Amino acid sequence: MTSIESPEAFDGHASVFAPSANERKALSVQQLLKLGFLAVTLLLLIPAAAILGVLVWEGAPGLTWEFLTTKPTDNGAAGGISTALVGTVWMTGVALACSLPLGVAAAIYLSEYARDNWLTRTINIAIVNLAGVPSIVHALFGIGAFVYFLQFGKSVLAAGCTLAVMTLPVVIVSTRESLQAVPQAFRDACWNMGATRWQTIWKIVLPNSGSGILTGLILVVCRAVGETAPIMFTGAVFFRQFYPSGLFDKSMALSYHLFSVSTHVKGVPAHIPFTVALTLILVVLSMNAVAIYFRMKLRGSKKW
Amino acid sequence: MVITAAAMPTATAQDSLLKVEDLSISYGDKTALSGVNFEVRRNEIFGIIGPANSGKTSFLRALNRMDEFQHRMSVSGRITFAGRDVSSIRNLYALRRMIGVVFPLPVGLPLSIYDNVALSPRLRGVRTKSKLDAIVERCLTRAALWDEVKDRLKSLGSLLSGGQQQRLTIARALSQDPELLLLDEFSIAVDPVTTMRIEEVLKGLRDEMTIVLVTNLVQQARRLADRTAFFLAGECVEVDQTEALFRGAKDQRTRDYLEGRFG
Amino acid sequence: MKNKSTVTPAPRPELATSGRDAWADALDRRDRAWCLDLAARLLVLIGGVSAILFIGAIFLFITTEGLDFMLNRMEFGSLLFGSRWEPTVEPPEYGAFPLIMGTLWITAVAMIIGVPLAFAAAVYVGEFARGRQREWLKIGIEVLAAIPSVVWGVIGLYVMAPLIKSTFNVQIGLNVLNAGVILGLMAAPIIATIAEDALKAVPESYREAAESLGATRWQVIWKVVLPHARPGLSAAVLLGVGRAFGETIAVLMASGHRLMAPEGVFDSAATLTATIAAELGEAAVGSDHYQVLFVLGLLLFLITFSVNLIADRIVRGRKAAK
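Residue numbers (the working numbering), protein chains in the order written: chain A, 695 to 998; chain B, 49 to 311; chain C, -3 to 318.
In case anyone wonders, no lab produced these hints; they're calculated from the structure. Because the structure is a prediction, the values reported are computed rather than measured. All clues stand as given, with none of them false.
Calculated lysine-lysine pairs in the DSS-like style (CA-CA distance at most 27 Å, straight line):
1. B:198 with A:997
2. B:179 with A:897
3. A:997 with B:202
4. B:298 with B:67
5. C:219 with C:134
6. B:202 with A:996
7. B:78 with B:67
8. B:67 with B:251
9. C:134 with C:196
10. B:177 with B:198
11. A:997 with B:177
12. C:161 with A:960
13. C:196 with A:728
The task is simple: from the sequences and hints, build the whole structure.
Here's what the structure looks like:
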């Protein structure tokens, strides 16, 4: 329907292929609509850029190496955030240690062993629902199950376990995807050779699913670092002068620290919330960048 | 009229590696094989010929109990391998390790060529590098692939060409040091010259193993097989010494197929 | 190929001697690989059912913590419709109606803002954008989704609040509008992703058929693609509602947390989630107040469970119909 010349090009006679007035109107409506949609899409994305801009503008001046490595003082209103960073690392570590093995095992079950029966369907429903549970409900579960029932008390361990339950679906879904992407022909060839199912998984399927597991890992870290509600009542405290002494110790955490200095800590200099937020965002975004980088790299190196 | 091995001079129990009695295979309500009877002797090349969909591939699958992975496949009758009923074997992996299979579709595993061929020995417990090197070289040589890949054993097996992947598959099957080698139309993905080389190798392998060769190239069966069976529409029509079958088959359907009247 | 190697084949331990017994032995012996395989099968099965166990456990623990209150002292009607939420006075009042209204108002604003943005983005990225533009837009949506909720809360407090105050000339910037806009932006990426999947699932043949009849790109989308993708789009909206419903920290920080039902978008409000978060730390463990908060949590759990179930049904109903 595109025309290459104007209707007048042919000695005043309109070319057969030139668009009629109606068609031209339809085309320009097309263009307008396309631009309109683009504009609305950008409207969605501009806030993201604006937020980053604000955080950098207000928060960057305070983001010094000293800030990251000194302990906080004065109830968290002054000093640095080192205890919060270390606490977040501990909690994230616990979350990873619990959710990765369990999630990968579940994904292996769903991809390699599960048949199309009621059990599989129920597991899938459970995964979708586990992902949709509100974070405060996860906190309530964490209190009931880890703090009191298993008697971990308010601790890094309880907070990490709560985060693990929250992030389990993410590991399962991304690992399962990459497991299922391995062609069935490889499994058949191994089974025919007398390899057991597990030997096939261990030698062929799992090694070729690294991208899914890595994606799952990165997503777990992002969620664990950014979530506040699940750790608020299960192990995070708003001020501590010491690093956590063990798994059963309470600790500060980056996300909860941001919440505290923005809401209930008194006497906080105006830029501190932005600086802490900037730190948090930088951690999350750099992990996402790593994920995107690996995705692009893996797309280039095809193994079959 | 079905001519079975039972009508032949009776083979002793020692000689028989594989015995099929009244075997029937079906997928749901579709029958792939019904009432098949024959016997494969040790150290012979046993050919199976017949048109498409005559049940040849289903038979191979039932043989090494791959029906375990196919839920809709039901097998009745009796397959006896080395004196044991395959349906009562407890360690199916051990059974499959003794049987090497080559499919029509080439499969190069996403490991290095070396690891492709070393996979089975490693699973059996062979660890010494020198032994593995020797096995890899011997199997790749027999599969007529050694010369082409000996300088790049570390490159990925899954990225080889189709014909090379097929020879790699054959090398893998040989690396199992199997008692029984099953070849299902192996020459589809391989060029004629290489097919010839592999056929030479197969002839020599007779001393070490028993070979069942499923092929749609009747002349290939004539060249290689000691005895040949003709399968048609799920039935084993006739089994005989290869030359006898080709010179004068007892069943009219066999004669028609061999003369190319259908297929 | 006559390359005869003189190396003997690797010895096969299971066939040390010839004879039928050795064969039979090898075929029945459950060796290490066999046992390892069985162990692996059991372990992954445990992993597989763990998701079910956790959902069940969540339900169990939340219910039992609030059980005493629920069975003995709670009146369901007054909990849902009572208009005073004053847990700290004597006698305490546990009417959650203001909280429910707060949740509904904020979720509604979030959907009004989030759904059009998300759908537009899904349509543009799915139907119009190509190549690098598409890559960058998708990365943008991912970045939006990656922003943690507490950071959104900070934006609500320090950026949106002054903005609302000055633009609309109101006294307080922490209100339904603030929380609603933020929640809309938070939920949009999920809605957009699922909507995009729904649009992608429309078969190419439908589009080609319409185009061959002379329809423009837009007409194809409006009259063919969107109607066909309606179930998937509904699922997307439902999941977005679920997301908005369940958000805690951002709403707590941006909504002003006033425990009365809002009457306009410039009123401060409080949601169920934010209230639980705000009061859980102060309630004595085991007290009535503590238990009521768990009951509210149970309510939230059941609502999001149903929403997710319905959305999942819709998506799978479509898949089954194919």
